Amino acid sequence: MEIEVRYFATFRKNNINKETMIFIDEATVGDVLKQAGIEEKEVAILLVNGIKVNQIKKLSHGDIVSLFPPVGGG
Amino acid sequence: MFGYNGKVLRINLKTRQIATEALNMEDAEKFIGGRGLGTKMMMDEVDPQVDPLSPENKLLIVTGPMTGNPVATGGRYMVVTKSPLSGTIASSNSGGKWGAELKFAGFDVIIFEDKADSPVYLSIEDDKVELLPADDLWGTTVSNVTKKMQERHAKGCKVMTIGPAGENLSLIAAIMNDEDRAAGRSGVGAVMGSKNLKAIVVKGSGKPPVFDKDIINEMNKVQLAKIKANGVTGQGLPTYGTAVLVNILNELGSLPTNNFQLSQFAAADDIGGEKLAENYLIKNTACYRCPIACGRYVRIGDQEGGGPEYETLWAFGSDCGINDLDAIIKANHWCNEMGLDTISAGSTIAAAIELKEKGYIKEDELDGLKLEFGNGTDIIEWTKRMGYRQGLGNKMAEGSYRLAESYGVPEFSMTVKKLELPAYDPRGVQGQGLQYATTNRGGCHVRGYLISPEVLGMPEQLDRFATEGKETWTKIFQDLTAVIDSLGVCLFTSFALGAPDYADMYNAISGTHHTAESILQVGERIWNIEKMFNLKAGILPDQDTLPERLLHEPIAEGPSKGWVHKLDEMLPKYYEVRGWSAEGMPTEEKLKELGL
Chain B
1 MEIEVRYFAT
11 FRKNNINKET
21 MIFIDEATVG
31 DVLKQAGIEE
41 KEVAILLVNG
51 IKVNQIKKLS
61 HGDIVSLFPP
71 VGGG
Chain Z
1 MFGYNGKVLR
11 INLKTRQIAT
21 EALNMEDAEK
31 FIGGRGLGTK
41 MMMDEVDPQV
51 DPLSPENKLL
61 IVTGPMTGNP
71 VATGGRYMVV
81 TKSPLSGTIA
91 SSNSGGKWGA
101 ELKFAGFDVI
111 IFEDKADSPV
121 YLSIEDDKVE
131 LLPADDLWGT
141 TVSNVTKKMQ
151 ERHAKGCKVM
161 TIGPAGENLS
171 LIAAIMNDED
181 RAAGRSGVGA
191 VMGSKNLKAI
201 VVKGSGKPPV
211 FDKDIINEMN
221 KVQLAKIKAN
231 GVTGQGLPTY
241 GTAVLVNILN
251 ELGSLPTNNF
261 QLSQFAAADD
271 IGGEKLAENY
281 LIKNTACYRC
291 PIACGRYVRI
301 GDQEGGGPEY
311 ETLWAFGSDC
321 GINDLDAIIK
331 ANHWCNEMGL
341 DTISAGSTIA
351 AAIELKEKGY
361 IKEDELDGLK
371 LEFGNGTDII
381 EWTKRMGYRQ
391 GLGNKMAEGS
401 YRLAESYGVP
411 EFSMTVKKLE
421 LPAYDPRGVQ
431 GQGLQYATTN
441 RGGCHVRGYL
451 ISPEVLGMPE
461 QLDRFATEGK
471 ETWTKIFQDL
481 TAVIDSLGVC
491 LFTSFALGAP
501 DYADMYNAIS
511 GTHHTAESIL
521 QVGERIWNIE
531 KMFNLKAGIL
541 PDQDTLPERL
551 LHEPIAEGPS
561 KGWVHKLDEM
571 LPKYYEVRGW
581 SAEGMPTEEK
591 LKELGL
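Line by line, the protein sequences give chains B and Z. If you're matching positions, the first sequence starts at 1 in this note's numbering and goes up one per residue. If you're matching positions, the second sequence starts at 1 in this note's numbering and goes up one per residue.
Hints are computed from structural coordinates only; laboratory data are not their basis. Predicted, not measured: the structure shown is a model, and the values here were computed from it. The reader is advised that the hints may include incorrect statements.
Stated by the list, open to error - Straight-line Cα separation of at most 25 Å, PhoX-like style, residue types lysine-lysine; simulated pairs: (1) LYS14/Z - LYS128/Z; (2) LYS58/Z - LYS97/Z; (3) LYS213/Z - LYS226/Z; (4) LYS58/B - LYS561/Z; (5) LYS561/Z - LYS18/B; (6) LYS18/B - LYS58/B; (7) LYS561/Z - LYS52/B; (8) LYS14/Z - LYS58/Z; (9) LYS41/B - LYS226/Z; (10) LYS275/Z - LYS13/B; (11) LYS275/Z - LYS18/B; (12) LYS41/B - LYS228/Z; (13) LYS41/B - LYS52/B; (14) LYS566/Z - LYS52/B; (15) LYS13/B - LYS228/Z; (16) LYS283/Z - LYS13/B; (17) LYS18/B - LYS57/B; (18) LYS57/B - LYS561/Z; (19) LYS370/Z - LYS384/Z.
Just need the whole structure built from these sequences, with the hints factored in.
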């Protein structure tokens with residue numbers, strides 16, 4: 001299955017805003033983080049299809065994972 | 001009490017009389033300073049039913065006990081008056097370095113009364129205070145006034161001024177200081193313009209007295225460590241400023257787009273904080289004693305200056321369907337030059353575009369300019385026209401409510417109490433919506449930033465769609481924010497600090513004996529006196545509401561799809577937790593409990 005991973009703020013390395021990850025079997029958000037080389041504690045806002053989740057959330061084909069470090073303001 | 005100078009400067013612009021009075025320390029104890037003390041003084045001195053642009057309205061510049069003192073972000077001041085835009089109490093907050101300088105000059109408050117016969121500006125150099133002619137400044141832009149004042153007056157002087165928008169009584173005019181910092185909201189610039197007062201230049205050489213330097217040093221060590229360790233104040237805001245929120249709200253499906261007709265913007269990344277940092281940012285800028293430095297200093301072509309905040313990127317960007325960051329940065333620059341509130345200005349353009357698309361505004365009103373979602377070509381020209389009140393800009397200068405009302409369709413104005421809503425679609429953040437509906441100055445996010453728990457997860461993560469318990473969160477955030485705004489520090493510190501820290505801060509500087517509980521009660525007192533001003537001004541609880549679109553039109557697509565705002569469920573609980581009547585009026589018991 002294909003998952004779109006979107007990187008924001010300091011998670012953008014080498015100008016990569018987003019990428020597609022392919023998983024043969026079932027995958028969780030934790031698997032995405034592992035593949036991205038990001039630790040869960042670094043992530044402040046973790047979204048799947050715009051809804052806040054944690055790393056045990058199981059993913060489905062076509063899901064969009066959005067990753068933000070601690071940022072904010074107003 | 002320490003931290004204050006104990007002095008009020010009273011200026012009668014008509015008689016040109018300048019008087020110094022003692023600050024009422026009993027009131028300072030009950031209302032702290034800034035927003036709270038300013039509202040108390042307005043209640044005592046001004047009929048809440050006054051015409052806001054008449055000589056009978058007063059313009060108050062009020063610092064807090066932290067302003068100019070050695071605490072993190074201790075440089076903020078408030079402009080307090082009656083708003084010509086909303087008819088409510090107006091308290092417009094600004095940072096930069098001007099507020100601290102007023103304290104160094106030996107004053108806490110300036111009260112402007114009546115109206116000058118011809119344009120004037122006020123010069124303060126410690127105790128030398130003069131009203132001087134401003135005929136040569138009238139009609140000129142903010143950077144011009146600032147430069148002229150700095151050439152003419154003492155080295156290091158700080159300048160507050162209105163631009164053409166304030167002079168032309170635009171109801172969305174700001175008061176600017178240090179060139180690009182704004183007391184932005186509620187049309188306070190028009191009140192200054194109505195008094196023929198162009199600028200206030202100030203230079204001071206003193207320091208306000210403080211309670212205990214050792215206690216202050218210890219307190220600062222603890223609080224600065226908290227600010228540095230917090231992800232938002234220590235890393236996020238310094239790196240990206242507020243602009244980073246564009247992508248967050250867009251990913252959540254709560255970034256208002258095309259005048260709140262949509263809640264996601266396909267080109268959000270083009271106008272986000274990441275792009276701003278990558279292509280335009282030269283350096284961060286900081287207000288007085290600020291360890292966060294969220295300000296953006298940007299370059300575009302050969303022009304350098306203050307860059308857009310999140311709210312501006314949204315108002316001129318997604319709310320107008322525009323992804324042209326060059327055009328947005330230039331529109332921001334012209335808002336600063338004209339002295340316009342960027343939220344109200346961008347949102348008014350967005351409303352005008354919808355009115356044009358739906359056939360209310362006719363082609364022959366446009367003087368050949370474009371007014372289309374997604375077309376950034378003419379937003380700079382529209383900004384200037386609002387400032388100068390030219391063509392359709394004359395109607396737009398009144399804000400989106402009066403603009404839409406003039407075509408018989410006020411429902412296309414995305415406002416609460418006629419003040420334009422900020423950049424969070426409340427259908428996707430229910431607590432923030434309750435906050436918008438109940439805020440004493442109208443559609444405002446910085447009277448209780450529920451985005452912090454509902455989106456950013458601080459101090460804890462709340463379900464953004466839930467309504468349960470949000471009335472209590474809203475009340476606490478509103479009361480605490482009233483304290484912060486009255487102390488004279490920046491609201492952004494509240495990502496890292498809580499009520500006990502603000503009590504510590506006040507105690508260390510002023511020698512008070514506050515606890516978290518007692519300081520929150522001061523906040524509640526301030527909230528209630530603001531409400532009382534509004535009620536006396538005729539702003540009744542039927543105005544505690546949201547635009548029809550947000551209450552009845554579900555979000556069409558994206559992660560917040562299907563949601564409307566559930567204000568009907570939330571408002572009665574909010575009134576109850578405030579201890580008000582079911583009709584939304586403060587009760588005798590509540591007012592007595594708060595010493596009002």
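Please name the hints from earlier in the document that this structure breaks, with their numbers sorted from lowest to highest. none
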